[in-house]
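Q: Chains A and B are the protein sequences, given in the same order. For the first sequence, my numbering begins at 1 and goes up steadily by one. For the second sequence, my numbering begins at 676 and goes up steadily by one.
Hints were generated in silico from the structure; no laboratory data involved. A hint or two may mislead.
To be verified - Here are the simulated distance ranges between beta carbons:
hint, chain 1, residue 1, chain 2, residue 2, range
1, A, R52, B, S770, 29 to 35 Å
2, B, D850, A, G209, 30 to 36 Å
3, A, V119, B, T853, 23 to 29 Å
Virtual Cβ for every residue (Gly too), placed ideally from N, Cα, C.
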Amino acid sequence: MRKPLPRALLVCVLVAIARPAMLLAQGKPVALAATRADDVRVWDQQIDRMIRSRELRVRESVRDTMTPGRVHERFDQYFGGVRIVGGDITRQTDATGTISAFGMLHTDIDLGTTPRLSVGEAREAVGAAASGDPSGADPELVVLPLADGYHLAYFGQAFDGVEILNVFVDASSGALLRKYSDFLSDGLIASGVGAYGDQKKVSVKPLGGAFVADDGLRPAAITTYDMKGNLARLTSVLNRVTSVTPGDIASNASDTWTDSTVVDGHVYAGWYYDYLFRRFGRNGLDNSNLRMPVFTHPARLEDIGTAPPNVVGTYYLNAFSCGTCGPDGRGAVVFGEGAPRGYVGAGIEVKPFSAALDVVAHELTHNVTAVTARLNGFPYSEAGALNEGFSDIFGTSTAFFHEPVGSGPLQASYMQGRDLSVPAGVFGRSLSNPASTRDPDHYSLRVIGGDPHYNSTIASHAFYLAIEGGINRTSGQTVQGVGAANREQIERVFFRALTTMLPSSSTFALTRATTIQAARDLYGAGGAVERAVTQAWDAVGVQPREAPTATMLPNPAKARSGQCGAVPGGPVWDLSVTVSAGVSSLRITGWDADSFDHTGALERSVRTGIDFGQSFNQCGPGSDRVVAQTDACAAFCVFLPGDRSGSAQITFRATDDAGRAVTFSTPRVTLVPPQ
Amino acid sequence: MTRASSLIFAIALTAAAARTSAQPAAWTDHGYVSAGADVRVVATNFGDVIHPIDFAEAAVVNTTYKMRIAPGIEIGGGARVWRNLAIGAAATWVSRPDAGSVDAQVPHPFVFGKPRAVSGDASLGRHETAVHVQAVWMMPLTARWQLAVAGGPSWVSLRQDLVDDVTVTQTYPYDTATYAGVHSQRVSKSRAGFNAGVDATYLFRPRVGVGVSAAFSRARIPLSPSASTDVGGLHVNGGLRVRF
Chain A
1 MRKPLPRALL
11 VCVLVAIARP
21 AMLLAQGKPV
31 ALAATRADDV
41 RVWDQQIDRM
51 IRSRELRVRE
61 SVRDTMTPGR
71 VHERFDQYFG
81 GVRIVGGDIT
91 RQTDATGTIS
101 AFGMLHTDID
111 LGTTPRLSVG
121 EAREAVGAAA
131 SGDPSGADPE
141 LVVLPLADGY
151 HLAYFGQAFD
161 GVEILNVFVD
171 ASSGALLRKY
181 SDFLSDGLIA
191 SGVGAYGDQK
201 KVSVKPLGGA
211 FVADDGLRPA
221 AITTYDMKGN
231 LARLTSVLNR
241 VTSVTPGDIA
251 SNASDTWTDS
261 TVVDGHVYAG
271 WYYDYLFRRF
281 GRNGLDNSNL
291 RMPVFTHPAR
301 LEDIGTAPPN
311 VVGTYYLNAF
321 SCGTCGPDGR
331 GAVVFGEGAP
341 RGYVGAGIEV
351 KPFSAALDVV
361 AHELTHNVTA
371 VTARLNGFPY
381 SEAGALNEGF
391 SDIFGTSTAF
401 FHEPVGSGPL
411 QASYMQGRDL
421 SVPAGVFGRS
431 LSNPASTRDP
441 DHYSLRVIGG
451 DPHYNSTIAS
461 HAFYLAIEGG
471 INRTSGQTVQ
481 GVGAANREQI
491 ERVFFRALTT
501 MLPSSSTFAL
511 TRATTIQAAR
521 DLYGAGGAVE
531 RAVTQAWDAV
541 GVQPREAPTA
551 TMLPNPAKAR
561 SGQCGAVPGG
571 PVWDLSVTVS
581 AGVSSLRITG
591 WDADSFDHTG
601 ALERSVRTGI
611 DFGQSFNQCG
621 PGSDRVVAQT
631 DACAAFCVFL
641 PGDRSGSAQI
651 TFRATDDAGR
661 AVTFSTPRVT
671 LVPPQ
Chain B
676 MTRASSLIFA
686 IALTAAAART
696 SAQPAAWTDH
706 GYVSAGADVR
716 VVATNFGDVI
726 HPIDFAEAAV
736 VNTTYKMRIA
746 PGIEIGGGAR
756 VWRNLAIGAA
766 ATWVSRPDAG
776 SVDAQVPHPF
786 VFGKPRAVSG
796 DASLGRHETA
806 VHVQAVWMMP
816 LTARWQLAVA
826 GGPSWVSLRQ
836 DLVDDVTVTQ
846 TYPYDTATYA
856 GVHSQRVSKS
866 RAGFNAGVDA
876 TYLFRPRVGV
886 GVSAAFSRAR
896 IPLSPSASTD
906 VGGLHVNGGL
916 RVRF
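Full structure from sequences and hints, please.
A: Printed below as a string of structure tokens:
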């Protein structure tokens, strides 16, 4: 029979079991943010005292490259000669002393700093804790603050066959305290099938046994949401009434994705990020890795037959960008569901709008524009057309960057949006031959106040000509392009202009000026690139503005029945007026609106004074000042009391930057009677 | 010892055995026991190409396994069954991590058809265990010198670390990758083979001596559908020899 343990020994055993195996103690973290002089003085003394006692040790001291004379120091905090993880401060000084200090210090630590494990034993423990092989330098003895208190720990690295892990083990027992990957991503690559049956690599994350369309391998957060046809929820999210939830993120049970709408949208958003980075060295939409929310399945395809036309036009046969929408109000893109074969025309199938790389890139370029040039969308503004033009430019450029050149699906061409439909090109906009898609290839063909998508091809065709060269069909002028092999040059020129030079109320003329300047900046004045850009703008009829001009369109203008405001009914004419400043900014001091009867006799002259900005606010904020190379626009309704035809003209009086008086007029517009 | 010198040594022992066989002296012991250190003296290579799926695309991992000269131990024994003929058995253990040279094409995370080339070395374990059944012809040359010629079938077991994927470190935009190591799996296989060798023993006591032997054994072991390796090779052994 076994003898029972003596009571005294039993107690000793129990005490030994109950004793904590880890060296654990309490302490207190103190955040430091000293910028006011009195705070700085107090903390500076404390820091100096800690430096003298070796509680703070210099990790780095660098001279300020942006503010001469300043020095930035970084200190690590030590306790008993052992570095405290996360205990560090920064201090900014100049010749007069300390300017600021920030950081986190730990006080009142009660912890022994003698480890039980040797460095060699710690190294083995690190490897074991990570289920891998210890790697790198020998483990470092540290004080590790965790939620349950302060631990004396060893910090080392281990390789588990997949990634390098940072590992903290208890310095007494070798037990794992904390480990995390040294790789700055936790994504993985799944495979997926796109709308054209193509295989794609999808950057996803594992979540709860499934996979979600959240890119873990690119620096920016690229998240694709599947709204499952819940339009009400989507609009609530876009309007920031409702927040997205993890359940909104597109997911897949396996790592083989079959939802082509999600696959294409998610992959192409990543490719656009890659394009910005590789071509321009830009870190995402705002150059600071702004998150990129991509919304798919805004509506159910089977509901298209009963959906109101505006819903079909917005959430089925459309894709759009909104610079202030989305989970954090900093932008989102939404891709329409498309339409089944036969809905828009016999034999025509409309793919989901994420199916085309150039369309995805087009929408995301709007978000780049929204945080850079902010080209506004006022209906009569050239900036709105330029906004669309730049999106087409970098939409197609993204396709040329990633896809082989060709005319089939998944091939790059100058037909923006060609892949949206089967057969191809139903929704296309041609940059190479805009007339083929009934868009203007020359500035003289623009429709002031027209759809910005329509006028956009004036700019995008200039972009095309600067690369490929050729003859503009309207002007007959020849452009010597840089060649497709050098397309990067023109892309860089236009991107530089968009992101660093163009103001929000840009005009075609100003875009001409900025792209030429960008060409000089990047490739030297008088070089082939500047020549190509200049010739391209010449060919599409966009010339530099010297003197101020004014247009009033259409001319002739056809009457309609109706009324202008409170004026009784009769024939009225709707006119768009654009005032364009030349090389000098203008301050409009007055303007005269003259109307003439059918005989040409002056019927009425309205002289106005300082209310210019109240009327001319259609292509930018209303102001009496028109900045050089920009426009001010107004929409007028004209009537001729007692007359069914006539003409109209407006004359503007202004002073330029030199204080000189300037007078200029619109052409006299013929007002034709109703049909 | 180089491969060439090993062969010369083995040939010299064989020639000595041939000269003395014309006047064979009787071997009267009942049997023998031997034990000693063993060295695999020939370095050789074998290769393997595998295609693991990395980033949703097949990678190409080409590994050259470099079997180096390796130490081991051998013990054996046998009993005389007829005149100078004995039937015996010997077992050898050889273990040494081999150097693996890895050249791989690792797919790009985002796009198909743009692999990144990486290369590096890996330490891959290899453990050989062989049991040799031998017919031994013992030839006493003098009172102190004995020569033995042996041969027979072998049963060879191999535990080999096989590379099944490569790991890399990489940062966005992932145009390049840096070799970080390998995933490996340990494969154990056994096969029959053969062995042959000679032993020269100097008896400094009537029944105790030291000896040196050279033996060659071989078995070809398939490790995977794409890789097989020869196990054994030329070994040199030296150690204690006991007669009873």
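Q: With reference to the structure, classify each hint as holding or not holding.
A: Results of checking the hints against the structure:
1. Distance hint for R52 of chain A and S770 of chain B: a CB-CB separation of about 57 Å, inconsistent with the stated range 29 to 35 Å.
2. Taking the beta carbon of each, D850 of chain B and G209 of chain A are about 33 Å apart, inside 30 to 36 Å as hinted.
3. For V119 of chain A and T853 of chain B, the hinted distance range of 23 to 29 Å is satisfied, since their beta carbons lie about 27 Å from each other.
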